[in-house]
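Going down the list, the protein sequences come from chains V and P.
At position 54 of the first sequence (counting the first as 1) the number is 54 in the working numbering, and the numbers step up by one without a gap.
If you count the second sequence from 1, you need to add 1000 to reach the working numbering.
Just so you know, the hints here were simulated from the structure itself, not pulled from any lab data.
Hints may contain errors.
List time: in silico SDA-like cross-link candidates among lysine to any residue, alpha-carbon distance up to 25 Å [stated by the list, open to error]: (1) LYS67(V) - TYR1111(P); (2) LYS1115(P) - LEU17(V); (3) LYS25(V) - MET1(V); (4) LYS1244(P) - VAL64(V); (5) LYS70(V) - SER31(V); (6) LYS8(V) - SER1116(P); (7) LYS1211(P) - ASP44(V); (8) LYS22(V) - LYS1241(P); (9) LYS1394(P) - THR1404(P); (10) LYS1244(P) - ASP62(V); (11) LYS25(V) - LYS1241(P); (12) LYS1107(P) - SER1177(P); (13) LYS8(V) - LYS1115(P); (14) LYS1241(P) - TYR5(V); (15) LYS1237(P) - ASP27(V).
Pulled a few chain P residues facing chain V out of the computed Cβ check, cut under 8 Å [stated by the list, open to error]: (16) GLU1109; (17) TYR1214; (18) MET1298.
Chain P regions said to be covered by chain V (calculated; three or more residues, Cβ under 8 Å) [stated by the list, open to error]: (19) 1111 to 1118; (20) 1283 to 1295.
Ideal placement from N, C-alpha and C gives every residue a C-beta, glycine not left out.
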Amino acid sequence: MKQIYILKGLDCANCALKLERKLQKIDGVESCQINFLAEKMTIDLNDNAVDKVFTTCKNFEDGVSLKRIK
Amino acid sequence: MFKKKIDLLRIGFSLIAVIILLVINILYEDLVINDIYLFKNVVILPISLVFYLLVSYDLYIKSYKQLTRKDFFNEVTLTLIASIAAFAIGEYVEGLAVTLFFQIGEKFEDYAVDKSRESIKSIINLRPDKVTLYNDEIEKVVDPYEVQVGDLFIVKNGERVPIDGIVYKGESSLDTSSMTGESIPKKVKEGQVIISGVINIGSPLIIKSTKEFYDSTMSKMLELVENASSNKAPVEKFITKFSKIYTPIVILLAFLIAIIPPLFFGYNDGAVWSQYIRVGASFLVISCPCALVLSVPMAYFVSLGQASKYKILIKGSNYLDKFRKIFAVVFDKTGTITKGNFVISEVNPTINHTNEELLNLVKYGEYYSTHPIANAILKNEHDSLNKNLLADYKELSGKGIEVTYKDKKLLVGNDKLLQDNDIKFNKASTPFTIIYCAYDGNFIGTITIRDEIKESSKLAIQNMYKNGVSQTYILSGDNKEIVEKVASEAGINNYVSNLLPLDKVNELKKIKDANTNKIVAYVGDGINDAPSLTLSDLGISMGVNGSDLTIESSDAVIMDDDLNKVNYVMKISKKNHIIAIENIVFAIGVKILIMILSLIPNLPITPYIMWFAIFADVGVTVICVLNSLRLLLKKY
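Could you build the full structure based on these sequences and the hints that come with them?
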């Protein structure tokens, strides 16, 4: 299932890359791309991976917020 | 806001302190006071340390938090290790400078990122952050994502329609220029379909939504602009991969250099240790991949924004990149090269019939058709016709229409349609579109329809050749005379005529096969050409016709009907590529150069190598970002 999120609060472009790699490694995440400049995350995942994705993002850095738009 | 000011003050004071310290350090470094105390340790060290703590306390907090999250090799921690190393070997000012310039670099980066995000947003400031719902006649402001299909919402004067819908109540004029490029306001009344993105410039309208926000035309457009599909260009992919190996390798080298050589060349000699620790610390500073991972995507982000300023929306960096490599362009004719505004130029009934009879039959024949030609013939006369006289409407692709009118068979279409029905008629041969009409088995006459070539087409195609396009084609369903005339007027080398919609795709496939490994672009107006848009290497649709399929199958959308915009993007694409490559070569080049220089002992710059390392990190990032922003300056 493909979902799109607005992802705010990341510190830098390299942090976005690191988070992207972290999320890609989660079981149930098919693919994940974070566009740091557009503040968007496009992720293809199973339902049971959603919680893990959320906690990974929240724990990655302070002030990271996720808002699903699709 | 307050925090920002404090940050700026901290950085400002520390910067002044660094400059003063640097000067007095050089002047009095070797001054000995009180026999054993060096000036450096008595004066420079405490002042540096105070400012160091002032400027880096938040970095320590951050680093600690990252360590608790098991992220050991983040930029902050590495920078702090480098600064501690500098203090340890007695380079106090450098120790302070490493964290200070790291902070300055971060601030600048934030600023540049905010600026470029803002500039993109102001270019197409379409995204609404609220919708005024009007269910049960009560106004309620909500987030656009909360609106469901069937909800009523109100759009007042000056507001942008956020979601596709149908006018439920009210009459008004709409400014559609941001979506279609059409400058004449469009009048709407109850029951009419409205696409999102247009602005209400009249009285309030109550609209019933037919789609959810993210499915609406405007959101689809924004998705294109904001590059939601995140299709990375090859250069971006390279840099992503490179940074993945670059940082760990440089960090590893930093530790190896700081530890291994002193063990061999003098493990009991403090000077040897400080020499190599200094090199290691420099490597740590250089290991930050910021310049690389920001500057290349930044160039693409700015370029895509620049394109959207010209009402050209591109789905991803990889498509922007393909524009500079276009080898062949395949055009749809009607509405792309020509205006698509059909005009009746001649009405030729047979001897037994009048003009009125013929026109009346053709109007009934085209009653249900959505083809542009039907619009030209019918204009807005649907109300004056009695549709109850019609039955069994059938559209025959590539031929025309067959319908029962007053219980007898009516045929309106091209010559093939009449041939198929064994009707005798005189075949006309002109470079214009001819509509044949037959009723109850008899040929009634023909109507000639003209379509003119757009003023911009010829220039646009000349410019394409200048920009490196080698081959141009028209694929059209019209007869040879028409297509040949349009091709020669527009300056297009090749054309194929008399194509059924399915043939067009096959013809495109042939062109692609003849040009393997080269980019074949397809430009169409989005009507009936979704398969071609998808099949081509670069599908470009012109004009917003509101169909989801068109937007989904295109790689780029030109919102108005100016064909020359293709050339703008080709230029933007070329410029963007140059800047991206410049950034990569510059950033990697400087970093590697300074790593090599720091390894060579006793160069004139050796005592200042930490400063060079700081430049290779922060300075290079700043220069690359500024270089990317240069794309914004260029006008097309």
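Here is what the structure says about each hint:
1. LYS67(V) - TYR1111(P): holds, 24 Å
2. LYS1115(P) - LEU17(V): holds, 21 Å
3. LYS25(V) - MET1(V): Holds - the C-alpha atoms of MET1(V) and LYS25(V) are around 17 Å apart, at most 25 Å.
4. LYS1244(P) - VAL64(V): holds, 22 Å
5. LYS70(V) - SER31(V): Given that 25 Å is the threshold and the Cα spacing comes to 16 Å, the pair holds.
6. LYS8(V) - SER1116(P): holds, 16 Å
7. LYS1211(P) - ASP44(V): The given pair, whose Cα atoms are some 23 Å apart, holds under the 25 Å limit.
8. LYS22(V) - LYS1241(P): Distance of about 15 Å is within 25 Å: holds.
9. LYS1394(P) - THR1404(P): Given that 25 Å is the threshold and the Cα spacing comes to 9 Å, the pair holds.
10. LYS1244(P) - ASP62(V): The hint holds at about 23 Å.
11. LYS25(V) - LYS1241(P): holds, 16 Å
12. LYS1107(P) - SER1177(P): violated, 38 Å
13. LYS8(V) - LYS1115(P): Holds, at about 16 Å.
14. LYS1241(P) - TYR5(V): holds, 24 Å
15. LYS1237(P) - ASP27(V): Satisfied, since the Cα-Cα distance of roughly 23 Å is no more than 25 Å.
16. GLU1109: With a minimum Cβ separation of about 6 Å from chain V (threshold 8 Å), the hint on GLU1109(P) holds.
17. TYR1214: holds, 5 Å
18. MET1298: Cβ of MET1298(P) sits 6 Å from chain V, so the hint holds.
19. 1111 to 1118: holds (count 3)
20. 1283 to 1295: Held - the segment 1283 to 1295 of chain P has 5 residues with a Cβ nearer than 8 Å to chain V, which meets the minimum of three.
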